[in-house]
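Asks: Dock the two chains into a complex; use the hints.
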Amino acid sequence: MKKKLLSTVAVVALVCTMGVSGLWAENETHLTGYLLGSAPSGLNDVVAALNQKLKADLNATMDINYIGWNELSSKYPLVLAAGENIDWIFTADWCQYMTQAARGAFKEITVADVQKYMPKHWAATPKQSWGQTKVDGKGYMITTATPDRKVTVFVIRGDLRKKYGIPPVTKFSDLGPYLAAVKKNEPSMVPMNLDSGFDVSSPFGYAMNDFAPPYWSLQISPSTSGFLLVGNFEDPARSSYSILEEPYKAAFVKASKLMKKWYDLGYVNKNPFANTVRSLDSFTQGKSGVAFTNSVNVQANLKQMQDSGFDPEIIPAVCSTGHYPADAFTNNGVAIAASSKAPEKTMQALDLIMEDPAYDYLVYFGIEGKNYVITKDGKVGLPEGVSAEQNTYPPDAAGFWFTNKDLFKPLASWSEKYLALKKMIPSYLYNSTFTGFAFTPDKVKTEVANLTNVMTQYANPLYIGAVPDVDKAFATYSQKLKAANIDKVETEMKAQISAFSSAQK
Amino acid sequence: MFAPVALYFIIFAYVPMAGIVVAFKEYNYRGGIFGSPWIGFENFKFFFGSGKAVQVTVNTLLYNVVFLAAYSFFSILVAILISEMTGRWFKKVSQTILFLPYFISWVTVSAFVYNIFNFEYGLVNTFLKSIGSEPINIYSNPSWWYFILPLFYIWKWVGFGSVLYLATISGIDQECYEAATIDGANAFQKIWYVTLPLIRPTIVILVLLGVGRIMRGEFDMFYQLIGNNGFLMDATDIIDTLVFRSLVGSQDFGMASAAGLYQSVLCFVILMVVNAFVRRYDESQALF
Numbered sequence: 448m449k450k451k452l453l454s455t456v457a458v459v460a461l462v463c464t465m466g467v468s469g470l471w472a473e474n475e476t477h478l479t480g481y482l483l484g485s486a487p488s489g490l491n492d493v494v495a496a497l498n499q500k501l502k503a504d505l506n507a508t509m510d511i512n513y514i515g516w517n518e519l520s521s522k523y524p525l526v527l528a529a530g531e532n533i534d535w536i537f538t539a540d541w542c543q544y545m546t547q548a549a550r551g552a553f554k555e556i557t558v559a560d561v562q563k564y565m566p567k568h569w570a571a572t573p574k575q576s577w578g579q580t581k582v583d584g585k586g587y588m589i590t591t592a593t594p595d596r597k598v599t600v601f602v603i604r605g606d607l608r609k610k611y612g613i614p615p616v617t618k619f620s621d622l623g624p625y626l627a628a629v630k631k632n633e634p635s636m637v638p639m640n641l642d643s644g645f646d647v648s649s650p651f652g653y654a655m656n657d658f659a660p661p662y663w664s665l666q667i668s669p670s671t672s673g674f675l676l677v678g679n680f681e682d683p684a685r686s687s688y689s690i691l692e693e694p695y696k697a698a699f700v701k702a703s704k705l706m707k708k709w710y711d712l713g714y715v716n717k718n719p720f721a722n723t724v725r726s727l728d729s730f731t732q733g734k735s736g737v738a739f740t741n742s743v744n745v746q747a748n749l750k751q752m753q754d755s756g757f758d759p760e761i762i763p764a765v766c767s768t769g770h771y772p773a774d775a776f777t778n779n780g781v782a783i784a785a786s787s788k789a790p791e792k793t794m795q796a797l798d799l800i801m802e803d804p805a806y807d808y809l810v811y812f813g814i815e816g817k818n819y820v821i822t823k824d825g826k827v828g829l830p831e832g833v834s835a836e837q838n839t840y841p842p843d844a845a846g847f848w849f850t851n852k853d854l855f856k857p858l859a860s861w862s863e864k865y866l867a868l869k870k871m872i873p874s875y876l877y878n879s880t881f882t883g884f885a886f887t888p889d890k891v892k893t894e895v896a897n898l899t900n901v902m903t904q905y906a907n908p909l910y911i912g913a914v915p916d917v918d919k920a921f922a923t924y925s926q927k928l929k930a931a932n933i934d935k936v937e938t939e940m941k942a943q944i945s946a947f948s949s950a951q952k
Numbered sequence: 007m008f009a010p011v012a013l014y015f016i017i018f019a020y021v022p023m024a025g026i027v028v029a030f031k032e033y034n035y036r037g038g039i040f041g042s043p044w045i046g047f048e049n050f051k052f053f054f055g056s057g058k059a060v061q062v063t064v065n066t067l068l069y070n071v072v073f074l075a076a077y078s079f080f081s082i083l084v085a086i087l088i089s090e091m092t093g094r095w096f097k098k099v100s101q102t103i104l105f106l107p108y109f110i111s112w113v114t115v116s117a118f119v120y121n122i123f124n125f126e127y128g129l130v131n132t133f134l135k136s137i138g139s140e141p142i143n144i145y146s147n148p149s150w151w152y153f154i155l156p157l158f159y160i161w162k163w164v165g166f167g168s169v170l171y172l173a174t175i176s177g178i179d180q181e182c183y184e185a186a187t188i189d190g191a192n193a194f195q196k197i198w199y200v201t202l203p204l205i206r207p208t209i210v211i212l213v214l215l216g217v218g219r220i221m222r223g224e225f226d227m228f229y230q231l232i233g234n235n236g237f238l239m240d241a242t243d244i245i246d247t248l249v250f251r252s253l254v255g256s257q258d259f260g261m262a263s264a265a266g267l268y269q270s271v272l273c274f275v276i277l278m279v280v281n282a283f284v285r286r287y288d289e290s291q292a293l294f
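Protein sequence lines correspond, in order, to chains B and G.
Each residue of the first sequence is one higher than the one before, starting from 448 at the first, in our numbering.
Each residue of the second sequence is one higher than the one before, starting from 7 at the first, in our numbering.
Treat the hints with care, as some may be off.
[Stated by the list, open to error] In silico DSS-like links for lysine-lysine, alpha-carbon gap of 30 Å or less:
no.	chain 1	residue 1	chain 2	residue 2
1	B	Lys-567	B	Lys-929
2	B	Lys-708	G	Lys-135
3	B	Lys-631	G	Lys-135
4	B	Lys-941	G	Lys-135
5	G	Lys-135	B	Lys-734
6	B	Lys-856	B	Lys-890
7	G	Lys-135	B	Lys-522
8	B	Lys-929	G	Lys-51
9	G	Lys-162	B	Lys-927
10	B	Lys-856	B	Lys-817
11	B	Lys-935	G	Lys-51
12	B	Lys-935	B	Lys-585
13	B	Lys-792	B	Lys-554
14	B	Lys-890	G	Lys-51
15	B	Lys-630	G	Lys-162
16	B	Lys-708	B	Lys-927
17	B	Lys-567	B	Lys-500
18	G	Lys-51	B	Lys-892
19	G	Lys-51	B	Lys-919
20	B	Lys-522	G	Lys-51
These aren't lab readings, by the way, just hints derived from the structure by calculation.
Chain G on its own, in the form it takes in the complex (with noise of 0.2 Å):
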């Protein structure tokens, strides 16, 4: 049983992995990865002088940690409120609705986005013109990206979350739920005796496998959604849009593969302080 998952690793993951020596050559087609030559840490001095290094790391630190928090959260609720609904009909119509974003590209939210927020005849600012009040600059403000942001990023993946949660929700033993409506225990003592103590597990690994991806931004969505709007670059640019921006001209394998370097390092890091931390306070849900 083990033979497909371990071939299927070895091919998509640990062989193209060589591929890291790229990060320390001076990249050429005619040489590729392995014949171009080596120049030791040039390509990192690109990513770590640019000034922006510190900056774009806490954001994108920063980002994941409440997009985590908030998928997390929001999912774990929207499965809860779900399994709790008694109408089949509308469970099925809700559950529909909550996962069709997340068949929508990023690109054509970015122009939902855009339609809604732009300055000259967006939604909202032909409402509040409408009301009479003045109108918003949305595009140049980076405060309203703060909230923005993580809506957009909760509205298209809650739905797929919920289904995780929702999937070990329904595998819990009804004989739980009986044994406390026996004991008297009303919908919400239940929620939080029966249903969270047994989902934790699913809760910790789901999480954990998050924390493995913590560095690597949701590329898709600031690349759309912001693109190189320089009045809110501080506030949003991660290390996958400076890295794009700064090279999608000159298309230089070597520098692009030494921040994704950088960013694998990090996230090992950080997955081995977290889990470490999981083992030692229940080591039966540690990833290893």
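If we strip away everything but chain B, and leave its shape as in the complex, we get (with noise of 0.2 Å):
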């Protein structure tokens, strides 16, 4: 009897607790978002910290979640078509953003829901960039305040370049004889150590960027990399091309030889497909003599290489032209999932952490005095004691990149050829006339699937070089392009760009 007693106290205890607590819950919006990359080891910290504001400043909590660089092409569709428990994702024109726009997975963003819930954030964006996010008229992004002023560039070690005697490289086509160097001298080094996911084509671009007039590249599906259909970006007629035409197939040939010579020579590892650790991850752990990124996203690893005492010298790889299309407002964004729960408090929530000072700050480099903090000459600096290796949350890392980086101070890790690679990257920009341009494979669905499947199979070889005889492996590249019927795919991207370019009038 006295055990019967016992148990039901437990029970209606239990009940109560948990009456009490669903009570509780139900006040508290509870917010999911997803950002892509690997969560940093410090991120439950911040996520402690960022909830402890947002629950008194709008009563909400918020947990992040990761999609991962090697899984991205297939879990980011993934996690909006199965609609549970997100309210808010990262987005970009590089990441989908047109696809699953068109595609009915994002909630639509008004103008007049931005100055009711984002008013911070409505005064923060020139008004140019509500117009770029257009999908069928519609806009469904909320796009950064600062797109990056950033280009690609490739980093070499300066110091190993000084000690072999090799002179000052300018242009990516010139490094030839450093690769060499790294080759005879450095045992434990591989001079181009690629991965399989972003470094397969990009010395292969960067190779086209100096042989090739400028050109913008149409991505006809978020797993192939471009140099398919392209586009001269300093035409205001928006001349448009393949890379079966010329003057990008004399450049397209001419990058694959230079790849092949260099393949050939034991430059680049042989087998990229395999590899799974990004250049600029092996550089920076003295395992590469090159790394492939941009101006941006090298800074997260500048510290690093400084304290393991190399001398990082950042190159920009522009067109040959000497310009790099400017970011679109598009290229770092966020957007709200079309079955979030809460648009609004979702929306709230997004207004501070991008341009609250103490929310950006917080999401962007971690806690103060224990990831980053404020040096006495005004610039941001890691706490003493700590290295840029131990660091658990590294500036940039966490994959907010939508938020207004002109809040903040300047990174104390720029080293004096940083400040001015940076200075001189207004001097490079340029508005591309094909920015806002949205291409919509709807039509030529069938079409699309079998080009990324050729492409995968016959053009990922031509980039790294790995063919024994680069003009015959272009002739099958091109007759198996014709074969999976390019020609209707560039009709179609022809039609769209000239309503495109009417549209503009």
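Replies: The structure is reproduced here in structure tokens:
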């Protein structure tokens, strides 16, 4: 009898606590967000601090999940298609924004909503940004207020370059002597240690920059790297071509021949397709002679490179005209999932994260005193006794790339050279005539699927130069592209570009 | 007794089968599977127009025939060897070691394989260099993979397969063996004339079940070990990897389902044919 009573009491107690906690949770809104990359080890502490602030300001809490780079193309749409437990997600023109928006995965963002729920962000963002997010006349993205002023770069070891008496390098295609010196004298390093995701087409693209007229590249599907249908981004008439047509064909073959020369000399690792470590990481660990990245992305590793005694020389890889297409506002942004139950609250929370300095520093740099300090000369530096390698929340690494970066003070790790580069960047940037153009593949889905497949099989070996004969391999590649009906996709692209052009007038 | 089994199959096999319609639809999120518009055979154009349909179908079939044959042969061999072992401790240890790979995912195996075979610092090439030979470039040469793939397939699955056969072998009446001993049979004769005939029904059933999946490639294995390696693709591309590679970016459920339906139909036809042959030869051992 006594036992029974006891268990009844226990059950009643349990039910009561559940009821109370249920009530408690009802008042508080819980938001779930998705970012790209992998969580820094210090994320939990930052989220705890973030939730403390959100709870006080909005009575909301948030948890943050990550979609890894290697599973991006497959997991990103699945997270949205599943439609469960997701309020906001990182998005960008290079990260499936158009496709997912056209498919109804995001909630529409109206200007009225932004003015009402994101007043700070509305004030901080130039008005033209809202015009760039339109897909079929409706906007679905909250873009960053500060598009990155960045160019693609490659990084080499200045210390090694000087040691082996190689003159300064200014162009990617002039890198041969440096690679030869690394190959000859540094047996523990691979001159170009490429990975299967990010790097496979990078050096090839850099070589294309040197050889081709300025080009904009249409990304027909998220899992391909471009170099298929291209346009001249400095041409007001928006002329466009396929890589089977001159002048881009010659540049493609020339770039591939340069890569083949380097591949055959052993400057490139033999199996990039099976390697998953990015060259930027191998470089930072002293295992690669070159790193492929952009001038913003490199910051996270800069301090660690300097700590290891490297002298990173960051060289811009711009087009043959010396220009680089400036990032559109849509290059970094955030979208609200169509299935979100609390879109207003999500917008309010994002307004704080993107534009309130206290929030912005927290998500971008971590916890003050633990992950960063403001130095006496007004720069963002590391706390005493914490090295870049030990920092559990390195700047930029957490993936909050859409926040307002103008709110930040300069970083202490920016070397003289980096600052000089940063000063130079605006002179490279060029307002591409293709900014805001979005290709909708609906009419040519079958062809796009087949082209994607042909590119993976036949273009990847050409990109790294791992073919016995470039001319023959290119002939096979063009024959396969024609069989997959590249002409139809090209015609469709040209039609959409001319429709875009007439809409711009 | 039949009710729970029937319920399981109705819920998890027959009801979802209605989703087949998506292969004939222009899928969008708003309409879902049943609300999206019909487009006839449009979704099938991608697979049959890819110029690779025949090649990947043949690859899938041949790899699976080799896998099924090798898997059955080695599972039976291992099961018989284990059943003949007398040392209890040795028997358990070898069984455990054989079974262990079953629990290792292909993602992990791909890391092993990369570290064994990669050109710059792989185990094989480090060894070859140490004895003064030229290193070999395994990741660019398809012919190696005709051996590596079945090898890893067997390594991973044979522990599991042998358990199925071992269970049958231990269920054989010991009197059969005693009678054989009295008749003067040696160990090999006992295996050939007693064990093998008595496990034949199990062999037939397991092979038939394997045949039912013959057009379903071992996607995890091919995707993890080969990935997007263009050099190996003609030799190692199967239906599943082709479909994944072409559609992973566009997430077109309609086109992917069309390819899936094609596989199912082929499986169905092959299974019916093989089963008909078995029935003609020995009706009691056919699946139905």
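Asks: Taking the hints in turn, state whether each one holds.
Replies: Results for each hint:
At roughly 51 Å between alpha-carbon atoms, B/Lys-567 and B/Lys-929 are farther apart than 30 Å, so this suggested pair is violated. Distance hint between B/Lys-708 and G/Lys-135 is fulfilled; the C-alpha atoms sit about 24 Å from each other, no more than 30 Å. Simply put, B/Lys-631 and G/Lys-135 have alpha-carbon atoms about 18 Å apart, close enough for the 30 Å limit, and the pair holds. Our distance criterion of 30 Å between C-alpha atoms is broken by B/Lys-941 and G/Lys-135, whose separation comes to about 54 Å.
Of the pairs offered as hints, the one joining G/Lys-135 and B/Lys-734 holds, with about 20 Å between alpha carbons and a cut-off of 30 Å not exceeded. Distance restraint check for B/Lys-856 and B/Lys-890: the Cα-Cα separation of roughly 47 Å exceeds the 30 Å cut-off, and the hinted pair is therefore not satisfied. About 41 Å separates the Cα atoms of G/Lys-135 and B/Lys-522, which puts this hinted pair outside 30 Å; it is violated. The hinted pair formed by B/Lys-929 and G/Lys-51 meets the criterion: a straight-line CA distance of about 16 Å does not exceed 30 Å.
Using a Cα cut-off of 30 Å, the hinted pair G/Lys-162 and B/Lys-927 is violated, with the two alpha carbons roughly 36 Å apart. Under the criterion of a C-alpha separation no larger than 30 Å, the hint pairing B/Lys-856 with B/Lys-817 is consistent with the structure, at around 17 Å. Between the alpha carbons of B/Lys-935 and G/Lys-51 the distance comes to roughly 15 Å, so the proposed pair stays at or under 30 Å and holds. Simply put, B/Lys-935 and B/Lys-585 have alpha-carbon atoms about 28 Å apart, close enough for the 30 Å limit, and the pair holds.
For a cut-off of 30 Å, the pair hint linking B/Lys-792 to B/Lys-554 stands: about 14 Å separates their Cα positions. With a C-alpha separation of about 13 Å, the suggested pairing of B/Lys-890 with G/Lys-51 holds against the 30 Å cut-off. Restraint check for B/Lys-630 and G/Lys-162: the C-alpha separation of about 39 Å exceeds 30 Å, so the hint is violated. Of the supplied pair hints, the one linking B/Lys-708 and B/Lys-927 holds, its CA atoms being roughly 24 Å apart against a limit of 30 Å.
In summary, the hint linking B/Lys-567 to B/Lys-500 is supported, as the alpha carbons are separated by about 17 Å, within the 30 Å threshold. With a C-alpha separation of about 10 Å, the suggested pair G/Lys-51 and B/Lys-892 falls inside the 30 Å cut-off, and the hint holds. For the proposed pair G/Lys-51 and B/Lys-919, the alpha carbon gap of about 29 Å is at most 30 Å, so the pair holds. Using a Cα cut-off of 30 Å, the hinted pair B/Lys-522 and G/Lys-51 holds, with the two alpha carbons roughly 26 Å apart.
The structure fails hints 1, 4, 6, 7, 9 and 15 (numbered hints given earlier, in ascending order).
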